[in-house]
Each structure stands twice: as C-alpha cells, then as structure tokens.
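Student: Line order of the protein sequences matches chains A and B.
FYI, numbering that gives the first Met the number 0 numbers position 91 of the first sequence as 90, with every residue one higher than the one before it.
FYI, numbering that gives the first Met the number 0 numbers position 29 of the second sequence as 28, with every residue one higher than the one before it.
Just so you know, not all the hints are guaranteed correct.
Claimed, not checked - Calculated lysine to any residue pairs in the SDA-like style (CA-CA distance at most 25 Å, straight line):
(1) K64(A) to Y106(B)
(2) K118(A) to N45(A)
(3) K91(B) to S107(A)
(4) K147(B) to A69(A)
(5) K22(B) to A1(B)
(6) K72(B) to A69(A)
(7) K67(B) to G71(A)
(8) K96(A) to K159(B)
(9) K72(B) to V46(A)
(10) K73(A) to N105(A)
(11) K47(A) to R12(B)
(12) K64(A) to T130(B)
(13) K147(B) to L66(A)
(14) K147(B) to K96(A)
(15) K169(B) to N54(A)
(16) K72(B) to T155(B)
(17) K95(A) to N17(B)
(18) K47(A) to E18(B)
(19) K96(A) to A66(B)
(20) K147(B) to L7(A)
(21) K91(B) to A1(B)
(22) K24(A) to Q7(B)
(23) K67(B) to A92(A)
(24) K147(B) to K95(A)
(25) K169(B) to N17(A)
(26) K64(A) to P151(B)
(27) K147(B) to A104(A)
(28) K91(B) to N17(A)
(29) K72(B) to K95(A)
(30) K96(A) to K67(B)
Said to hold, decoys possible - Pair by pair, the computed Cβ-Cβ distance ranges are:
(31) A76(A) to G85(B): 22 to 30 Å
(32) S20(A) to Y90(B): 47 to 55 Å
(33) T43(A) to S119(B): 45 to 53 Å
(34) K24(A) to P31(B): 17 to 25 Å
(35) S20(A) to M26(B): 19 to 27 Å
(36) N129(B) to G23(A): 35 to 43 Å
(37) V125(A) to R170(B): 50 to 58 Å
(38) K24(A) to S118(B): 37 to 45 Å
FYI, nobody ran anything at the bench for these hints, they're computed from the structure.
Note that the structure is a prediction, hence the values are computed from the model and not measured.
Positions of the beta carbon are idealized from the N, C-alpha and C atoms, including for glycine.
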Amino acid sequence: MSGSFQRLVEVGRVVLINSGSDAGKIATIVEIVDHRRAIVDGPTTNVKRQVVPFNNVVLTDIVVKSLPRAIGSKRLAVFLEKNQVVEAWQKSAWAKKIDARQRRANLSDFDRFKLMRLKKQQRNIVDRQVALLKKERA
Amino acid sequence: MARLHEYQVIGRRLPTENEPTPKLFRMRIFAPNEVVAKSRYWYFLSKLHKAKRASGEIVSVNEIFEAKPLNVKNFGIWLRYDSRSGTHNMYKEYRETTRAAAVSSCYQDMAARHRARFSSVQIIRVAEVNTADVRRPYIQQLIQPGLKFPLPHRITRPAKRSDRALIIAKRPSTFY
C-alpha cells in the first residue's frame with residue numbers, strides 16, 4: 000500500500016525524539032492520536048509517556064511487531080526486552096554515527112592531541128606501505 | 000498545557016428572608032482561568048435561571064482534571080454558535096487526550112472554519128464517544144484497527160532555531 004515508503008507511523012514503530020528535554024532518546028509509538036501526533040513511551044530509555052507531534056520526532060527502521068494498541072508502560076518494557084529493541088538501535092549505523100559525533104564534540108584538548116598522534120602513527124604505517132608498492136609498480 | 004481548563008463552578012442567589020437557603024447551581028465551564036470561568040458561569044446562569052452576579056455569590060470554583068490524560072479518546076462536542084446571520088447548532092468530533100484539549104481544539108476549529116470567536120460559541124455538551132458510535136469520517140479513519148501511514152513529505156528541522164544553518168552543503172531530501 001505504501002510502496003516506496005518503508006517507514007510508517009504505526010503502533011510499535013520506534014522513534015528518535017529530536018527536540019525537547021528527551022532529545023536524542025528513542026521511544027515506541029503506543030497509540031496514534033491523529034495525523035500529526037502520537038502517544039509515545041520509552042520505559043527502558045527514560046522517556047515518560049507523552050503525546051508528541053511527528054515534527055519533533057524521526058521514525059526509525061525498527062518496529063516492535065504485534066504490539067497491542069495503548070499498551071501500558073510495564074508491559075511495554077517486557078516487549079522491548081524480549082525484542083531487544085534498545086540493543087538493535089544501539090547496533091545500528093545511525094546510532095553509532097550519532098555517538099561518534101557526540102564523542103568528537105566532547106573531546107578535550109588532550110584527547111585531540113592523542114587523536115592527532117594516533118592519526119600520525121596510522122598515516123606513517125599506511126604511507127610507507129603505499130610508497131613501497133608504488134616503487135614496485137614503477 | 001491545553002489552552003483552556005475545565006472548572007466546576009457552584010453558585011447560588013444570595014440568601015434573603017424569603018429564601019434563606021437558595022438552591023446551589025453547578026456548571027462545568029471551559030475557560031482559560033478561574034476569572035473567566037466565573038464570568039461565563041454568570042453568563043450562562045442568568046440565561047437559565049433568575050440569578051445574576053449582583054444578587055448572587057459563587058460558592059466554589061474547582062479545576063476539574065482529566066482522569067486519564069494519557070489515553071486518547073474520541074470526544075463529541077455539541078455546540079451552539081452565532082454566525083453573521085443567525086445562530087446554529089452543531090455537533091463536531093475531536094480525537095484528543097483530555098476534555099479541555101478537545102474543547103480548545105473545537106474553539107480553534109470554529110474560529111478557523113466559521114470565523115466564530117470565543118464569545119459567539121457556547122459549548123452545550125462534551126461527551127466521550129464509543130468507537131462504534133463515531134459519526135464523522137475524519138475521526139473514523141483514525142480509529143481503524145491496524146492503522147498505519149507514511150509521512151510522505153519530511154521537512155528536517157533543527158531542534159533549535161539557533162541551530163539552523165544559513166548555507167548547507169547538500170540540497171535537503173524530503174524522503175523519509
């Protein structure tokens with residue numbers, strides 16, 4: 000029915016909250032209010048059950064299958080545990096990229112120094128090999 | 000959170016020698032604050048009974064809070080409003096989590112669709128409607144079991160207006 004649209008708003012869809020005090024956390028759609036809002040709950044990720052507009056949220060590829068509509072927080076936590084939802088999110092490339100971005104932003108000057116040294120060492124090893132290979136080819 | 004709050008206002012006529020214990024009249028009023036609630040109380044009460052603010056007193060004003068504010072409900076609202084050329088009754092349905100939010104939605108909706116201001120709209124009755132008794136198709140489409148839909152046009156907005164970049168490297172994609 001939705002053809003090229005793979006990410007649908009549905010009960011059980013995991014969303015990443017973009018703005019507000021819960022920004023950066025994931026939660027699950029528990030009930031749809033209307034075309035613009037849904038009730039979202041994240042018992043294992045510290046997101047209180049609340050109504051969020053879709054503008055403040057990003058749909059992810061993760062869906063909790065056969066989640067009953069308007070499920071309570073405690074039973075939702077059980078479903079999330081069983082389907083390993085939070086782990087699936089943290090393993091995803093998306094979550095890893097967000098994590099890397101945050102780590103880079105929070106580097107101290109000493110960390111940047113260490114990073115520079117490690118990159119230099121890496122460059123040294125790689126460039127030596129490249130130079131040798133070039134010599135062989137020539 | 001909702002623009003309007005629901006208040007329970009109880010008032011009566013002032014006691015006189017002929018009527019030492021007048022009857023109490025209770026109304027559930029939707030208003031932005033208690034002051035407006037009391038004012039609307041007298042507006043309605045003087046239409047229904049021989050009682051006015053000058054010769055009456057408000058006994059109590061209490062805010063009524065929603066019992067289950069995290070459950071979505073289908074509300075049917077019966078209202079009466081003044082248009083430019085007459086006064087009409089209406090029945091509208093809203094899908095909201097609290098009565099106050101439904102009534103706020105209703106006022107906004109009346110203002111948008113019929114240019115009816117707050118003072119021209121009288122809420123007669125607000126009731127939760129069972130899924131089977133929903134009359135309006137725009138609500139029926141939201142209560143079907145297994146509802147799912149895509150968000151076809153995604154506009155990526157930064158979390159804060161100050162984070163908005165003036166110049167970006169790539170043209171934004173609206174595919175979700």
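Student: Taking the hints in turn, state whether each one holds.
Tutor: Quick rundown of the hints versus the structure:
no. : hint                           : in the structure
1   : K64(A) to Y106(B)              : violated, 38 Å
2   : K118(A) to N45(A)              : violated, 37 Å
3   : K91(B) to S107(A)              : violated, 58 Å
4   : K147(B) to A69(A)              : holds, 15 Å
5   : K22(B) to A1(B)                : violated, 32 Å
6   : K72(B) to A69(A)               : holds, 11 Å
7   : K67(B) to G71(A)               : holds, 12 Å
8   : K96(A) to K159(B)              : holds, 20 Å
9   : K72(B) to V46(A)               : holds, 22 Å
10  : K73(A) to N105(A)              : violated, 34 Å
11  : K47(A) to R12(B)               : violated, 46 Å
12  : K64(A) to T130(B)              : holds, 24 Å
13  : K147(B) to L66(A)              : holds, 13 Å
14  : K147(B) to K96(A)              : violated, 28 Å
15  : K169(B) to N54(A)              : holds, 21 Å
16  : K72(B) to T155(B)              : violated, 30 Å
17  : K95(A) to N17(B)               : violated, 80 Å
18  : K47(A) to E18(B)               : violated, 53 Å
19  : K96(A) to A66(B)               : violated, 42 Å
20  : K147(B) to L7(A)               : holds, 6 Å
21  : K91(B) to A1(B)                : holds, 18 Å
22  : K24(A) to Q7(B)                : violated, 39 Å
23  : K67(B) to A92(A)               : violated, 38 Å
24  : K147(B) to K95(A)              : violated, 28 Å
25  : K169(B) to N17(A)              : holds, 21 Å
26  : K64(A) to P151(B)              : holds, 22 Å
27  : K147(B) to A104(A)             : violated, 37 Å
28  : K91(B) to N17(A)               : violated, 33 Å
29  : K72(B) to K95(A)               : violated, 38 Å
30  : K96(A) to K67(B)               : violated, 39 Å
31  : A76(A) to G85(B): 22 to 30 Å   : violated, 55 Å
32  : S20(A) to Y90(B): 47 to 55 Å   : violated, 38 Å
33  : T43(A) to S119(B): 45 to 53 Å  : holds, 49 Å
34  : K24(A) to P31(B): 17 to 25 Å   : violated, 32 Å
35  : S20(A) to M26(B): 19 to 27 Å   : violated, 37 Å
36  : N129(B) to G23(A): 35 to 43 Å  : holds, 39 Å
37  : V125(A) to R170(B): 50 to 58 Å : violated, 34 Å
38  : K24(A) to S118(B): 37 to 45 Å  : holds, 43 Å
In summary, the numbered hints that this structure violates are 1, 2, 3, 5, 10, 11, 14, 16, 17, 18, 19, 22, 23, 24, 27, 28, 29, 30, 31, 32, 34, 35, 37.
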